[in-house]
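2 protein chains.
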Amino acid sequence: MAIEHPYLLFLGDAPDQLAAKTAQGIAHWRPDWCVGQLRLEGCKADLGLPDLSLEAAREAGAKTLVIGVANRGGVFSEAWISVLEKAMLLGFDIAAGLHNRLVDVPLLKAAAEQHGCQLFDVRHPTREFEVASGSKRPGKRLLAVGTDCSVGKMYTTLAVEKEMLDRGMKADFRATGQTGILIAGQGVSIDAVVADFISGAVEYLSPANDDDHWDIVEGQGSLFHASFAGVSMGLLHGAQPDALILCHEPTRQHMRGLPDFNLPTLQACMEANLAAARLTNPDVRFVGIAVNTSQMHESAVEAYLRRLEADFELPTVDPFVEGVKPLVDRLQDA
Amino acid sequence: MAIEHPYLLFLGDAPDQLAAKTAQGIAHWRPDWCVGQLRLEGCKADLGLPDLSLEAAREAGAKTLVIGVANRGGVFSEAWISVLEKAMLLGFDIAAGLHNRLVDVPLLKAAAEQHGCQLFDVRHPTREFEVASGSKRPGKRLLAVGTDCSVGKMYTTLAVEKEMLDRGMKADFRATGQTGILIAGQGVSIDAVVADFISGAVEYLSPANDDDHWDIVEGQGSLFHASFAGVSMGLLHGAQPDALILCHEPTRQHMRGLPDFNLPTLQACMEANLAAARLTNPDVRFVGIAVNTSQMHESAVEAYLRRLEADFELPTVDPFVEGVKPLVDRLQDA
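Protein chains in written order, with the numbering used here: chain X, 1 to 334; chain H, 1001 to 1334.
Hint data in this document are derived by calculation from the structure and do not stem from the laboratory.
Glycine included, each C-beta is placed from N, C-alpha and C at the ideal position.
A short, non-exhaustive set of chain X residues, derived as facing chain H with CB atoms under 10 Å: (1) Val193; (2) Gly257; (3) Leu258; (4) Ala275.
Take the sequences, apply the hints, and build the full model.
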């Protein structure tokens, strides 16, 4: 499964900018792939891309209409369906990362068959995977792990891929969640895989490669999240990472969605991840810490980052603010 | 989903006794539920139960025909299908723990609908689960964990349930694999659940209960198995165990199916399980070690068990040989 680009980003009737954050991520990380945006009446989001009709976008080369916005109440409205049908009539494939599937809408499925278009429901794996072999495979791998969910793992790994490519290194971002898959054009929504095949799916996602090639694997969840740690564990074993980056959000009051659970200390989180990761790669090590400082008092940020850097002897950055150069430096030094 | 008993155990054309090990487990642990066995021509397995025709089994009260044997090559033969169809005509439900599903065989699905019978494909969850809440729930829980897969976790937990019931304690075996589900009549095949819901499925499987009630949760895999550790981790967090039993097979040369992976030390395995389990139950502790000694030299067994007992200060038994009384004693003492 590879989603063809260029994309036309569909923002629908997004009630605000936040509702279009998937589209925003795609536009940010793959600007060259995005010919424009398509907004319906009442849309309150704007990516700063040209507003294009379906026809104009096709003329500009767009191959896939990417739904970059949540559908309200999980329903595909008539307005959406008529746009998507017309898009397929014009030859677009359609890609979405929603909970409910495009292929479950009879009108859309019929239109896709009629016009020979593909519907990509990237949150739902469509292939079967093997059980993980655990065998070490050539190529190098970096994985982002977190103290919690939603602390910046996707952003950090995309920033590392970009920095590596800017330096002429061989690198591929390997997406494990729906937004990442739309950004990469391919990947596996790892939390939707059948439990027995979590690690096997990651081995498929990040196959053998050149010795000097880096797969930059998007992390998911946290070993310390009582709902999702199994996913994080399987991902860690399947990725066989040579390098880990710890992602953290210092103002988080409790684990996401679990008011009774405190965040682990960074020390405990690193130790647990190293211990588990050594099973499939004894040489694993941390190469840096990525902190999402957006909720911190600005005056406290610098001291906090420098303190972590000293405590753990690891480069520590907010990737959104200053990028990830020190992390890639450390990785190249090793 | 609860499978109704009594059962008639279908052994098909089992080429040897081992092929019928699922049926053997059911007959061993639930003798009162098994009215007899049904064997086709050429069957080389024998459970020592009365050979009954479908009609005779119905007269004896049997409600479910349980397929207790693997189907050769994963195919449902014509001989099997005609027996299963006739069983449904007579009012049997049918239960199986095979990789391929009964409901995927059109003739069987049609017969089930026609006669109002249920088809239980216990390896394949049919319901959706919630994401785990992590919230502590009343009741006590014991979980078997292992140094590897297939080291006796199901046998151990069933033996603990039996010992507790014999003592008049409140206890329920909670099945997480297909054979266990057929033995318990219900359960969740945890490795077949979508990854995001592993822990949530265990919370569903082992709900709130009386303060003095024990759920004895069947373990799966190992935190040290590179293919399946994610399942074991999610199971550990969802079960919130108060008590753990470590299961081990001392002659295992490498992790099952993974020739390049050594087994962990018992010490390392206990520490990793305790560390992970504390996330959802800080009071978790080991109450014993269960060793499968069947492959050991008989002369070495006793010394080995006593050495573990001394090293770890935990009662250590082969449940198959001597039962699990010392483990339940320890648990009651605590």
